[in-house]
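Visitor: Protein sequence lines correspond, in order, to chains W and G.
The opening residue of the first sequence carries number 0 in numbering that gives the first Met the number 0; numbering runs sequentially from there.
The opening residue of the second sequence carries number 0 in numbering that gives the first Met the number 0; numbering runs sequentially from there.
No wet-lab data here; the hints were simulated from the structure.
Virtual Cβ for every residue (Gly too), placed ideally from N, Cα, C.
Some hints could be false.
If we take Cβ atoms under 10 angstroms as the criterion, some of the chain G residues that face chain W in the derived model are [as the list claims (entries may be wrong)]: (1) Gly7; (2) Val10; (3) Phe17; (4) Val22; (5) Ile25; (6) Phe45; (7) Gly50; (8) Leu54; (9) Leu59; (10) Ala93; (11) Asp97; (12) Met109; (13) Val110; (14) Val124; (15) Phe139.
One letter stands for each residue in the lines below.
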Amino acid sequence: MDLFLATLTGALEPLNILVLAAGVMLGIVIGAIPGLTVNMAVALAVPFTLTMGLTQSLFLLLGIYGAGIYGGSVSAILINAPGTPASAATSADGYALAKQGMAGKALKMAIYASVYGGLFSTLVLVVLAPQIAAFALRFGPPEMAALLLFSLTVVGVLSGGSMAKGLSSAALGLGLATIGADPMVGVPRFTFGSFELYDGLAYIPLLIGLFAVAEMFTQAERSFTGTATALTLGGDVDRNRVTRADWKASWFAIVRSGFLGVFIGVLPGLGATIATFLGYAEAKRASKRPERFGKGAIEGVAAAESANNAVTGAAMVPLLALSIPGDSVTAILLGAFLIQGVTPGPLIFQTNPEVPYTVYIGLILSNLMIAAVAWFAIRPMMLVLRIPKTVLYPIILMICVAGSFAIRNSVFDVYVMIGAGIVGYVLQIFAVPVAPLLIAFILGPPFEEALRQALVGSEGSVVVFFTEPIALFFMVLTAIAVWVTARRARRGGMPLEG
Amino acid sequence: MHADRFFGAVVCILSLAFLIVGVPTISDDWMRATGAQYFTVGPRLFPYVAGVLCLLLGLLIALGRPKGETGAFLTDAGVRRRTVGLALLALGYAALLDVLGFVPASSLAMVLFMAGFGMRRWTVVLPVALLLPWLTALAFEHILQLRLPEGIVPVPFV
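Please work from the sequences and hints to get the whole structure.
Guide: Written as structure tokens, this is what we have:
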């Protein structure tokens, strides 16, 4: 306890708080720019930590990490251009609310849900880190493949509209994910001799294209037909308030998504994106009025944001307890730990207890800081809606081009972004949801790897998915998800085919 | 033809092309490598799974009972042509990046895009098109330390 209080006192020094505030602001700004990811922001900040002490470096990186994930929701809500893949689900209802003049409400709910998710996952980290890390280690290839199959199915069937269209979008994403070197034996697939395609398509240009560029084409078409709807800033303060009814609709979705986010966060290789889509899909499934999702359901924003921020603390569990980075951000954080001369692992709680304490304090303070900074930034951020669309969309396209290029310094990625925009626009014409395509594209490679590793381990037998208890559990859940959706479709809730 | 049937048919045709022409192009040389016998499934499995899934779902959409109209599918050809024009303009923008560099290509593209969207106030178009790409380039290169395409046109401070 004395050590914790000493760490807390040291952490609250003004310079440390200043560094944390800088990290949070940088995270929100970078997270909100389409194309610039949290990974990139954290990686960019690492060199600055070389001259800092442990507390300051952790505060800077943790501030960027949490705020970057929140920041992605700002552009998702305001201009339907998710700043990060984890915010793609937020745009469905957040942008719909913005179009109805309730951007302020969506942004406020995003703050509340994000902060809840972040603080909840930190609490879980404090209380259960070693136990959860041990459970996560029981996830071998069969369990991981079954979990990913469940995730893909849920995202496909609950994406809105027709189940067949949602699943076909997911299948298309799986197909696109096979471009590039095979993950196990390195054989090039569909690269056509192109060096750029050997690494596969980058998911950030795909994300930007499917959402932001496709939206630009759709808005352009609407302006040509004279059916464009004006985005309103929401001078009506009352409509932008989070009411008691909104809380009533959202609180359970926030809590449930918090649990989902923590569960996904502790599993290596999954990350915030899948947590967001699962949280959103689960909120929609459990809703009494699922037809409102995608048209401005406040609980959709709440569920997605709670889930993606709940990953931040949870992702630190395997990192701190087992020295296993669960995703690319925690891999960079592991590097930052090593720079500071600290090696995470089971012994860290005995040998360097001040390190986990600093992480706990940093996560809690960064979440509070996100709430404060984001709250005061809502009005200035909403000013973007005052820009006429005729000027706003060309600006968005330019920023998207810069962001897509910056990922790999390649104009090829800009072509991928525009191509994805055309695909997204065509899919919108046929009322096919694009989110399953993106999520399947992201989950495709780890799914393929886990599936093939499991099949190699079982000498080609698929029985392994039904004999391992955790894998069997997820296979049964997958079957139930398809069955329930098909049954609901037959009863007229949503179309099965077209 | 109803939009859903058309979409389903296109998905089926593309899936068949993917399965019949695309997947067999994946080399099976890896099977001759040492230790290949331990790999019970090869690099063609997953593309086949994705292709077959697409084909089955395309068939389900094409042969299923379509519900309602997909309004956007019926938009008039003139409007669609203008949107296709914007898409081609975006591709042209990408092509110009390596030639002119980020700032000049973006300035030119922004003028054309704003005009394409219907913005006719040149007192707005010109300052936005000239200043914003330059400020973006400054922020990316000097604050974020990220490179943007360099072309033949020199730009001050970038």
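Visitor: Work down the list of hints and note, for each, if the structure agrees.
Guide: Here is what the structure says about each hint:
1. Given the 10 angstroms rule on beta carbons, the hint for G:Gly7 holds: about 7 angstroms separates it from the nearest Cβ of chain W.
2. For G:Val10, the interface hint holds, the least distance from its beta-carbon to any beta-carbon of chain W being 6 angstroms, beneath 10 angstroms.
3. A hinted interface residue such as G:Phe17 counts as satisfied when its beta carbon comes closer than 10 angstroms to some beta carbon of chain W; here the least separation is about 7 angstroms, so the hint holds.
4. For G:Val22, the interface hint holds, since its Cβ comes within 10 angstroms of a Cβ in chain W; the closest pair sits about 9 angstroms apart.
5. Because the closest C-beta pair between G:Ile25 and chain W is about 5 angstroms apart, less than 10 angstroms, the hint holds.
6. Taking 10 angstroms as the C-beta cut-off, the interface hint given for G:Phe45 holds, the closest approach to chain W being about 5 angstroms.
7. For G:Gly50, the interface hint holds, since its Cβ comes within 10 angstroms of a Cβ in chain W; the closest pair sits about 7 angstroms apart.
8. Interface hint status for G:Leu54: upheld, as the beta-carbon distance to the closest one in chain W is roughly 9 angstroms, under 10 angstroms.
9. About 5 angstroms separates the beta-carbon of G:Leu59 from the nearest beta-carbon of chain W, less than 10 angstroms, and the hint is met.
10. For the restraint placing G:Ala93 at the interface with chain W, the shortest Cβ-Cβ distance is roughly 4 angstroms, inside the 10 angstroms limit, so the hint holds.
11. The interface hint given for G:Asp97 holds, since its Cβ lies 5 angstroms from the closest Cβ of chain W, which is under the 10 angstroms cut-off.
12. Among the interface hints, the one on G:Met109 holds; its C-beta lies about 5 angstroms from the nearest C-beta in chain W, closer than the 10 angstroms criterion.
13. The closest approach between the C-beta of G:Val110 and any C-beta of chain W is roughly 9 angstroms, which is under the 10 angstroms cut-off, so the hint is satisfied.
14. A hinted interface residue such as G:Val124 counts as satisfied when its beta carbon comes closer than 10 angstroms to some beta carbon of chain W; here the least separation is about 8 angstroms, so the hint holds.
15. Given hint, G:Phe139 at the interface with chain W, holds; its Cβ is 6 angstroms from that chain's nearest Cβ, closer than 10 angstroms.
When each numbered hint is compared with the structure, no violation occurs for any of them.
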